[in-house]
Each structure stands twice: as C-alpha cells, then as structure tokens.
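Engineer: Sequence:
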Amino acid sequence: MEFLKENSYNMVKMFVDQIAMTVFGTIVTIATSGNDDLLLVASLFSIVFYLVVLYTVGWDIGARDKIKIDGGRMREMPAKGFLIALGANSINILLALLIGLGILINTEWAGNISMVCNAIARLIQGMYLGVIKLAEDALFVDAVIQDVWWWFLITPIPAIVTGGLSYYMGSKNKRISEIFGIKLKNNTRK
Numbered sequence: 370m371e372f373l374k375e376n377s378y379n380m381v382k383m384f385v386d387q388i389a390m391t392v393f394g395t396i397v398t399i400a401t402s403g404n405d406d407l408l409l410v411a412s413l414f415s416i417v418f419y420l421v422v423l424y425t426v427g428w429d430i431g432a433r434d435k436i437k438i439d440g441g442r443m444r445e446m447p448a449k450g451f452l453i454a455l456g457a458n459s460i461n462i463l464l465a466l467l468i469g470l471g472i473l474i475n476t477e478w479a480g481n482i483s484m485v486c487n488a489i490a491r492l493i494q495g496m497y498l499g500v501i502k503l504a505e506d507a508l509f510v511d512a513v514i515q516d517v518w519w520w521f522l523i524t525p526i527p528a529i530v531t532g533g534l535s536y537y538m539g540s541k542n543k544r545i546s547e548i549f550g551i552k553l554k555n556n557t558r559k
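Taking the numbering used here, the leading residue of the sequence shown gets 370, the next gets one more, and so forth.
If you're looking for bench data, these hints aren't it; they were derived computationally from the structure. Take the hints with a grain of salt, since some may be wrong.
The calculated DMTMM-like cross-link candidates involving lysine to aspartate or glutamate, where the alpha carbons are at most 25 Å apart (straight line), are [as the list claims (entries may be wrong)]:
(1) K374 - E445
(2) K374 - D439
(3) K502 - D439
Please model the entire structure based on the sequences and the hints provided.
Structural biologist: This is the structure:
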C-alpha cells in the first residue's frame, strides 16, 4: 500500500500521457484509414511516439530516485519502473479481463459488459487502433470484434516493458542513445 501511495502520481502521469497519445493515435488512425499501408505506418509511428513519451517519464523517475539512492535515503528497487508502469496500465488490463470474462460467461448482460469494455479499451488505447484493425482484418476475417479480446492483454506489454527499462536506465544514469552509440553534447552553460 505504501508503494501505491508513494507512486500514484507517477502512475496517473503515465496514464494521462496514454490518454493524450490516444487522442493523437485516434486522429492519425481516422485520417489514414482509407489506405492500409499508410494506416500501418501511422499507427506504428503513434505507438513508437507513445513509447518514447513513456521512456522519458520513466527515465526521469529513475534519475530522481538515483539521487535518493546515492544519498542513502532510498534503497535500490530495480523493478520499480515495471511496477509503476503496471499500475498505470491496470485499467487496460482490467478492461481486457472484463472483455474476456464477458465472452466466456456468454449471457446477455455479460456480452453487454464485454461490448462496453471493448469500446472503452479501444477508446483509451487509440495509438494501437490501426494495428489492431489491420490485424483483425488480416488474421480474423470471419471473427466478430469480441473474438480478439486478448489483443487488449497484449497491448499494455510494450508500455510496461518500456516503463521498467527506462526507469532502470534512469536510475543507472544511462541513456538509450548510448546503446546506439550516439554521443550527446553536454549542455553546460558557461
């Protein structure tokens, strides 16, 4: 419970970033929906842009914690970023589970809950809409929309991994540019 109390701001911040990227991703998906190739490129761009935003948030949290760890005010917690990202994506996971349960129970009220949760999941995961639509069209031609509910269990995984790795890199003062051999100029002012 203490972990949630200390990190709820960061979880909410990551979720608010998701909502902002949802608006962006939904607009891009709607604008490019007539052309499948353009839709795929635009959707992949939306997803990557969302993950970059999450990376910066996670890295900043890790860098702030590094100061506390180095000062002895906090113990090192390498999995903290994964847990924060998991908390931020808990709504996505809950919606996916409710969609799946509604399909498995197979009653009218459960089906209604499943449809409502499916609509909400698509609404708050707009950056994935293009990829989900293309995958549904290509892989599940005869399937109804509920048959692919498990997509919504998969979509939080990149965000959780990005949140965890970026926090770890921030807590070690490592940047992703170093992995690719890119050297950044030091921006110290004289």
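Engineer: Each hint needs a verdict: does it hold in this structure or not?
Structural biologist: Okay, the hints, checked on the actual structure:
At roughly 18 Å between alpha-carbon atoms, K374 and E445 fall within 25 Å of each other, so this suggested pair holds. Of the supplied pair hints, the one linking K374 and D439 holds, its CA atoms being roughly 22 Å apart against a limit of 25 Å. Using a Cα cut-off of 25 Å, the hinted pair K502 and D439 is violated, with the two alpha carbons roughly 47 Å apart.
Of the numbered hints stated above, the single one contradicted by the structure is hint 3.
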